[in-house]
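S.K.: Given next are the chains, with one letter for each unit.
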Amino acid sequence: MACHPGDCGRHAAGARHHQADDKLDRGVCFGQPGAARHRVVDPARLCGFLSGDVGAVCIILGLFTRAFALAIGIQFLIITFHAHWAQGFAWNRPGGGWEYPLFWGMSWVAIGLRGGGPYSLDRLLGREL
Amino acid sequence: MADTAGEPRRIIPALGPYYDNARDYTWLLIRLTAGGFLLIHGLQKLFNQTLMVWAANSLARRGIEPAIPLAYCVWFLETVGAVCIMLGLYTRIFAAMIFVQFLVIVFVAHWGGGFAGFPWNRPTGGWEYPAFWGLIILAILIRGGGPCSLDRKLGREF
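Which chain is which? The protein sequence lines are V and F, in order. My numbering puts the first residue of the first sequence at 1, with every later residue one more than the last. My numbering puts the first residue of the second sequence at 1001, with every later residue one more than the last.
So that you can see chain V by itself, here it is in the shape it has in the complex:
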């Protein structure tokens, strides 16, 4: 996708704007600046939609928790080691360091191993991956 440094309101001028930034944000926040640009369906965006939107809701509900935690965990490997690696560790460096994506990734590992837990639709269904 096109990069628009400066017009998304999140980066310092000239900072690298990565598609993963949008994916990361869209998982938890709808209607943020930039979301309106995602109109055309392409495979990358479909993946982003499945993990970032459908996956996020399913993680919250605890529905198919482990499957989505695995998929989103892979996504966060890419976010950490590809998209934000060059920005350095500290989360509030220009463009955002890999600290926050890695923190989040560790949480996916924990959720993926643990599964939905006591308050989840997986538990209500009585079956889980």
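Check before you lean on any hint, since a few could be wrong.
Unchecked claim - Ranges of calculated distance between the beta carbons of each label pair, as one might list FRET restraints:
| id | chain 1 | residue 1 | chain 2 | residue 2 | range |
| --- | --- | --- | --- | --- | --- |
| 1 | F | 1016 | V | 124 | 14 to 20 Å |
| 2 | V | 60 | F | 1066 | 26 to 32 Å |
| 3 | V | 78 | F | 1139 | 23 to 29 Å |
| 4 | V | 85 | F | 1036 | 15 to 21 Å |
| 5 | V | 124 | F | 1112 | 34 to 40 Å |
| 6 | V | 78 | F | 1152 | 34 to 40 Å |
What the hints assert, rightly or not - If you want the footprint, here are the derived chain V segments under chain F, 3+ residues with CB under 8 Å:
| id | region |
| --- | --- |
| 7 | 47-60 |
| 8 | 109-117 |
| 9 | 120-126 |
By construction, these hints were calculated from the structure, which means they are not laboratory data. Being a predicted model, the structure only gives us computed values, none of them experimental. The C-beta atom is built at its ideal place from N, Cα and C for all residues, glycine as well.
Got chain V sorted already, so can you dock chain F onto it with the hints?
M.R.: For chain F alone, coordinates are given in the frame of chain V:
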């Protein structure tokens, strides 16, 4: 072996024992992540710059006073507190204090006027990451040290 009563039936039964064994360690992983990242920040305040520089740049500049005593408090929580969260020692006491610290980080230091201040990678950092971290600290405060902790070894906990 963890108590597995109440766990749903596994779609792939062969994975069940691995999940059951891993279950208790997942909370340890959460504690190591939340505490370990905090320890990195505490050590950065010690080695990358002096604490006084941090107090001036991060606290006094934002009008968070008294900056120097608070800087010592933050440094204590991000070193001793962080290690105790990782070890699961006096977990709830430290999680409570660190949670208060994160309330300040979110609502004072990185608030940025509300929703506009949310995105974590906006210049100087939004409140998304501190809020995420603070909520996990809140979960640790509610849950306590859990199965793999010194609190559990000691047999007593706040």
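S.K.: Run every hint past the structure and note whether it holds.
M.R.: A quick look at each hint next to the structure:
| no. | hint | in the structure |
| --- | --- | --- |
| 1 | F:1016 <-> V:124: 14 to 20 Å | holds (19 Å) |
| 2 | V:60 <-> F:1066: 26 to 32 Å | violated (40 Å) |
| 3 | V:78 <-> F:1139: 23 to 29 Å | holds (26 Å) |
| 4 | V:85 <-> F:1036: 15 to 21 Å | holds (19 Å) |
| 5 | V:124 <-> F:1112: 34 to 40 Å | holds (39 Å) |
| 6 | V:78 <-> F:1152: 34 to 40 Å | holds (36 Å) |
| 7 | 47-60 | violated (count 0) |
| 8 | 109-117 | holds (count 7) |
| 9 | 120-126 | holds (count 4) |
Hints 2 and 7, counting from the list given before, are not met by this structure.
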